[in-house]
Amino acid sequence: MSIQNETLKAMIRDYDGLELSDEELELVRTELETYFGELAKLESVDLSDMFSGRLTRLPEPDRS
Amino acid sequence: MRNLDFLKMTISELAPKIRNKEISPGEQTEAALTEADRLQPKLNSLITLLHEQAMAQARESETALSRGDYRGPLHGIPIGLKDNLATAGITTTVGSKVLANHVPDEDAEVVIRCRDAGAIFIGKENLEEFAAGATSNNPHYGAVHNPGGVDRVPGGSRGGGGANVASGVTFASLGTDLGGSVRLPGTFCGVVGLKQTYGRVSQRGLMVTSFNGDHIGPMTRSVADSALLLQVLAGNDPLDPSSVPVPVPDYSSYLGKGLKGLKMGVPSNHFFDLLDEEVEAAVRGSVAALEELGAELLEVSLPAMEYIGAMRISAMADGVVTHEQFLKNHREAYGPDVLYRTIPGQFVLGKDYSKSLKVQRMIQEEYLRVMHQVDFLVTPTAPVPAPRIDATHVNINGEDHRVRGPGSGFISRNTSPLNAVGLPAISVPCGVNHAGLPIGVQFITAPFEEGLLFQVADSYVKTSPSQRLRPEVSV
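Residue numbers (our numbering), protein chains in the order written: chain A, 1 to 64; chain B, 65 to 539.
What the hints contain is simulated information worked out from the structure, not anything from laboratory work.
It is possible that part of the hints are untrue.
Stated by the list, open to error - In silico lysine-lysine, BS3-like type, Cα no more than 25 Å apart, as pairs: (1) A/LYS9 - B/LYS415; (2) B/LYS526 - B/LYS324; (3) A/LYS41 - B/LYS422; (4) A/LYS9 - B/LYS392; (5) B/LYS327 - B/LYS526.
Working from the sequences, and respecting the hints, build out all of it.
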């Protein structure tokens, strides 16, 4: 996946109000590409039978 | 000149001398503060030194002793606090310029527990900006230097703590571990770093952290000291919903039990895939030593680790949410490494975040299945010894890997998976490379089996080539 520099700059400006230089944008892109790379690996994994492990419990009384 | 050898002792060695009044808390606190002043220009390991508060605590400690009120092995022991743990009335910067003048109203729960146990706080320790990185090369407070080689990083994010414990400024350090921030400085500085089970220790008062996977843990000079610290820190905190009400055993009772009859798992994938040759040799040597001590070796497979990188997706999104409150109005106050790693988090899609949580669950289940086959796992803690402070990359097998800033994560590739799954892990020294830089081995057990972790680590360190090795810092 690739996002044009101008699109990325505009999104960051709209979301954060930050104006980034081309040099700064390359650093942001490095991290974004890591994200896309990890996403690509997930294409082959079946997660349909994964269930949440979240526990719910009653609050405990304050120690004091 | 006075003999200050006691500054190199472990807590287990020193505590009886304090109890028997052979050494006074005031005497050793003063010595520790003097040592901190002496080494600070070289190591830059502290952001705030607490001369007055520490000496006041030491006086209270002596008064308590004189009336027979001995509070346990931490009584009168100088320790350090990572500067992302809230301390009432004391500046807590989280290594940032944004919070340079922030003074919390309340202590973190772990600070309260250590104070109640008699520990003396020497200072707030230097760290990576917002505790987000593995080098402790802080753009606002300066780089922390490794006492084993001052041109090297001490690891991060808690480098100040590692440098202080290794060099003899403090006897222990309390810090946080979101991806390896206790264990990596442990391995790079040649000390013991513990990340206990998620939920074992309260996180209340840990500042500017992720919603998913942070831990507060101790760094010490020995496994026995790690057990002493966890004994103080562990236990349910009703005010922290992540803390779990499970019984806390007597950790010291596990020390000296040996390894006979225990099954040791060595992962066949991921953990040994990308390693410096000397690190691999040292850790394979540890495995052989553990076999000689009576542990049965089994190779185990963790195929779901292929997808561990998905944890980065949730971490990116969690990171931008954590920083949202500061980012818009304080962009100029951010260093480049954290800023350009944080901004992309806003582009993580909800469906991808959800997937990463499912992957986390899948990997957790796999580890739990493996922990039914073996009693403990053995891995290298870090893939390389401490990189140079000015390094942006390290090279393994001809391939460059980033060690700081956007796209980094290589240094923590063996530690961060345990944050994702919440299992307890400890790093202990297992040798040095050709340049004398420490190497660490990591042990992992089933959830809430920290006692077994101490049993394994304690048995091993008695045969470790690193036993009693301490760096000497020339000033």
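Notebook entry, point to check: So which of those numbered hints doesn't the model satisfy?
Noted result: none
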